[in-house]
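So the chains spell out like this:
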Amino acid sequence: MPWNTPETGWIDGAIVGTSDMNAIGEDLNYLKAMPFDNYLLQEGADYSTSSTSFTDIDSSDLALSVTTTGGDLEISFYGSFNINTSAFVYLDVDVDGTRVGLDDGLVIENLSSGVAGRTVGFIVRKSGLSAAAHTIKLQWKVSANTATLYAGAGTSAKDVHGMFCAKEV
Amino acid sequence: MDLVIHEASPLLINPAADALVRAALGPLTTGVSLKRKRGQPSVLTVHLLDSATGQDVQKAQTLFALYGVMTVTVSKAAIVADDEDVAVLTCNDARINSDAKVDYRVWTGTGVLYASGTVDVVAGSVALEFGTPTPGKYLIEIARRKGNFATAATVIEAVE
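Same order as they appear, the protein sequences are chains E and A.
Here this note's numbering is used: the first sequence runs in plain steps of one and ends on residue 169.
Here this note's numbering is used: the second sequence runs in plain steps of one and ends on residue 160.
Some clues are possibly wrong.
[Claimed, not checked] Calculated cross-link-like contacts (lysine to any residue; reagent style SDA-like; alpha-carbon spacing at most 25 Å): (1) E:Lys167 - E:Ser130; (2) E:Lys158 - A:Pro135; (3) A:Lys137 - E:Ser112.
[Said to hold, decoys possible] Computed footprint of chain E on chain A, listed as stretches where at least three residues anywhere in the stretch have a Cβ under 8 Å from a Cβ of chain E: (4) 21-35; (5) 109-116.
Derived by calculation from the structure, the hints in this document are not laboratory data.
None of these values were measured; they are calculated from a predicted model.
All residues carry an ideal CB built from backbone N, CA and C; glycine is no exception.
Please take these sequences and the hints and turn them into a complete structure.
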């Protein structure tokens, strides 16, 4: 359902036609169901990486697709992490092949070995997008060692389900 | 570039895979990642610099093609977590007939390197004793130090 730029120049005595009412109806439907996509983690195994350069966590499932109509994207994530030996984990979001955070990404968390379930969440807004289909991927890297993202994979007492979302705003 | 490998061994854990590729490829790799969908095999991704050559890619593939292929037998799969009970691992494989030593690495269930070292090969066979006072599952790898890379791997659980 496309977004119609609302008419704000109404004047007294103006005739409201079918197309005007339909445009309002379409916009209400659009607002009720903004273009969005999300993914709830429920995997066969927790994700893990030792990559010291940014890499997709899951280039198929944690790769959202949103067809925007000219607005911005609001992208959010929460998830719980662990590491085998203390180090930093970094998170970023890739939109159409370009990371939003650049540099060392959007957020950093200092993970300590033996402290399981450190939860990270963020919301970021990506503007300047054309009205088109966009691919949004969650990426991570570590400063050293191996980080784990719990993925609802049945790990004892750590069977938690993170979520990755993107919607047009 | 990312080299995607469907994991051959269900025993492989990320830190062990990382140790393998860093030892073999050095600075050409930035690490490895593991994932698995429900009902599907694990997928291992080796992250290589763009400067990696076809030979480097082949070397990384070979590492995991031969992961866990050597036969290892254990006297028992579960031991009591104390200072007394031990399991004996025996690797008797034609690949190590002419080797003087092999490496061993012990990983905890959370991927922490618990112990490592070398052990002598005697008449083409390796015997390794493992005991621990700490309960948990341990992944034990035996790996060749020379020639064509190959490993043996098994899991032993220490119970209270």
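Here is how each hint holds up against the structure:
Of the supplied pair hints, the one linking Lys167 of chain E and Ser130 of chain E holds, its CA atoms being roughly 14 Å apart against a limit of 25 Å. Between the alpha carbons of Lys158 of chain E and Pro135 of chain A the distance comes to roughly 18 Å, so the proposed pair stays at or under 25 Å and holds. A distance of roughly 21 Å separates the Cα atoms of Lys137 of chain A and Ser112 of chain E; the hinted pair therefore holds under the 25 Å criterion. Three residues within the 8 Å Cβ limit are the bar, and the segment 21-35 of chain A against chain E gives 6, so the coverage statement holds.
Residues of the segment 109-116 of chain A with a Cβ under 8 Å from some Cβ of chain E number 3, which satisfies the need for three, so the listed coverage holds.
Consistency note: the structure conflicts with none of the earlier hints.
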